[in-house]
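Enquirer: These protein sequences, in sequence, are chains A and B. The first sequence begins at 40 in the numbering used here and counts up by one. The second sequence begins at -18 in the numbering used here and counts up by one.
Everything labelled a hint here was simulated from the structure, so no lab data went into it. Watch out, some of these pointers could steer you wrong.
[As the list claims (entries may be wrong)] Distance windows between CB atoms, simulated:
#1 A:Leu42 to B:Pro64: 23 to 33 Å
#2 B:Lys38 to A:Ser66: 13 to 23 Å
#3 B:Met8 to A:Gly55: 44 to 54 Å
#4 B:Glu34 to A:Val89: 26 to 36 Å
[Said to hold, decoys possible] For the chain B half of the interface with chain A, some residues (derived, Cβ under 7 Å), not all of them:
#5 Tyr(-9)
#6 Glu60
#7 Phe87
#8 Gly88
Positions of the beta carbon are idealized from the N, C-alpha and C atoms, including for glycine.
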Amino acid sequence: TQLLEQSPQFLSIQEGENLTVYCNSSSVFSSLQWYRQEPGEGPVLLVTVVTGGEVKKLKRLTFQFGDARKDSSLHITAAQPGDTGLYLCAGEIRGGLTFGKGTHLIIQP
Amino acid sequence: EAQVTQNPRYLITVTGKKLTVTCSQNMNHEYMSWYRQDPGLGLRQIYYSMNVEVTDKGDVPEGYKVSRKEKRNFPLILESPSPNQTSLYFCASSPQPYPGGNEQFFGPGTRLTVL
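Hey, can you work out the whole structure from these sequences and the hints?
Expert: Structure, rendered in structure tokens:
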């Protein structure tokens, strides 16, 4: 059973469009993280959300942590080809770190 | 330069031949961990360590061993590799002894093929 469910798994859109990626769980997390991974490299942290209902912005990326701290979303405005990559959410479970399976995002010029 | 290094980056081996993948970090981080990444299964934690001489199993520890004798090093040992351990492996470290809310710094990955 996957503790963190990400959707969609794959998303291909045109440059300039908006999109939202979801990370859902039945478990409560003290914090959730979003990472971005490019081919041939390790994941790189984008943001950490800690407080229920928290919204964080990183240029065109908006991250939200659900009020109950069980889910999170990543919204990208006016997507660009440079946003292409694998987006992963992650949360701590009993000292270990669990990741969602990721969303493969392709932004076509 | 602050970094996590892994060696080797690529390895092709045969079933049953013991191997070790090294991981080293120069950031004085407390937490270190190993992950494997497989298509359709995502990134799964193998083992983690909150401090020297303290290690614990992650989600998929079977067939792997680790040790944390020094703070900077966290080698991954496959005593008898099998083809189902063919995967992309990542080592990561984090400043605090627990991962929650703390950035994981990932190494460049080791692509292992077991024939």
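Enquirer: Confirm or reject each hint.
Expert: Structure-based check of each hint:
1. A:Leu42 to B:Pro64: 23 to 33 Å: Cβ of A:Leu42 to Cβ of B:Pro64: about 27 Å, so the range 23 to 33 Å holds.
2. B:Lys38 to A:Ser66: 13 to 23 Å: holds, 19 Å
3. B:Met8 to A:Gly55: 44 to 54 Å: Violated, since B:Met8 and A:Gly55 (Cβ atoms, about 39 Å apart) do not stay within the stated range.
4. B:Glu34 to A:Val89: 26 to 36 Å: holds, 30 Å
5. Tyr(-9): Cβ of B:Tyr(-9) sits 11 Å from chain A, so the hint is violated.
6. Glu60: violated, 22 Å
7. Phe87: Interface hint status for B:Phe87: holds (3 Å vs cutoff 7 Å).
8. Gly88: holds, 6 Å
Checked against the numbered hints given earlier, this structure breaks hints 3, 5 and 6; the rest are met.
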